[in-house]
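Enquirer: Under our numbering, think of the first position of the sequence shown as 312, with each following residue one higher.
A hint or two may mislead.
[Unchecked claim] Straight line, CA to CA, 30 Å or less: simulated DSBU-like cross-link-like pairs of lysine-lysine: (1) Lys-327 with Lys-398; (2) Lys-338 with Lys-398; (3) Lys-439 with Lys-326; (4) Lys-338 with Lys-327.
Keep in mind the hints are simulated off the structure, nothing from the lab.
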Amino acid sequence: MKRTQQTSSRSVTTKKLIVSDYRRSLKNNIRSLSDNLTHILHASKVPLEESASKPSSSGLMADHFTLGNEVVSRTALMARAADELLKLTNSIREFLILRDFNFISQATETTQENAKTELDAMFEDYDKFRLELANVSADIDAELSDNFGLKG
Numbered sequence: 312m313k314r315t316q317q318t319s320s321r322s323v324t325t326k327k328l329i330v331s332d333y334r335r336s337l338k339n340n341i342r343s344l345s346d347n348l349t350h351i352l353h354a355s356k357v358p359l360e361e362s363a364s365k366p367s368s369s370g371l372m373a374d375h376f377t378l379g380n381e382v383v384s385r386t387a388l389m390a391r392a393a394d395e396l397l398k399l400t401n402s403i404r405e406f407l408i409l410r411d412f413n414f415i416s417q418a419t420e421t422t423q424e425n426a427k428t429e430l431d432a433m434f435e436d437y438d439k440f441r442l443e444l445a446n447v448s449a450d451i452d453a454e455l456s457d458n459f460g461l462k463g
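Just need the whole structure built from these sequences, with the hints factored in.
Expert: Structure follows, in structure tokens:
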């Protein structure tokens with residue numbers, strides 16, 4: 312008994328560590344995407360007062376190429392973060408499929424049991440409704456035969 316409890320507590324601990332690692336990786340990649348996009352937007356702004364104060368076109372060209380290179384490197388970092396997110400998504404899928412298969416099976420069984428219970432309740436309601444309609448129909452037939460001499 313102790314061995315199964317120890318094994319299950321290890322697996323729960325392992326799952327918690329894996330999930331926390333996934334969460335940390337997700338936060339880091341999202342932060343990287345956000346920061347790099349912010350820096351790209353800052354680099355794409357045209358500073359009006361600085362461009363007027365630089366008389367030489369070589370200084371402007373140097374700034375242009377520096378900002379262009381920064382945008383390219385930031386875009387590469389964003390592509391890497393997006394690739395990491397794609398890998399993380401695939402890893403989470405594998406984790407859920409391989410490690411939590413019992414959980415998925417239990418959830419499926421529970422859903423099936425709930426559906427069967429609901430279906431049985433609906434059949435009971437249907438039977439009650441049918442009986443009620445049959446009683447109403449019998450009452451109408453009795454009323455017609457008593458008052459108008461018609462037999463239904």
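Enquirer: Next step is simple, just say for each hint if it's right about the structure.
Expert: Results for each hint:
no., hint, result
1, Lys-327 with Lys-398, "holds (19 Å)"
2, Lys-338 with Lys-398, "holds (14 Å)"
3, Lys-439 with Lys-326, "violated (49 Å)"
4, Lys-338 with Lys-327, "holds (16 Å)"
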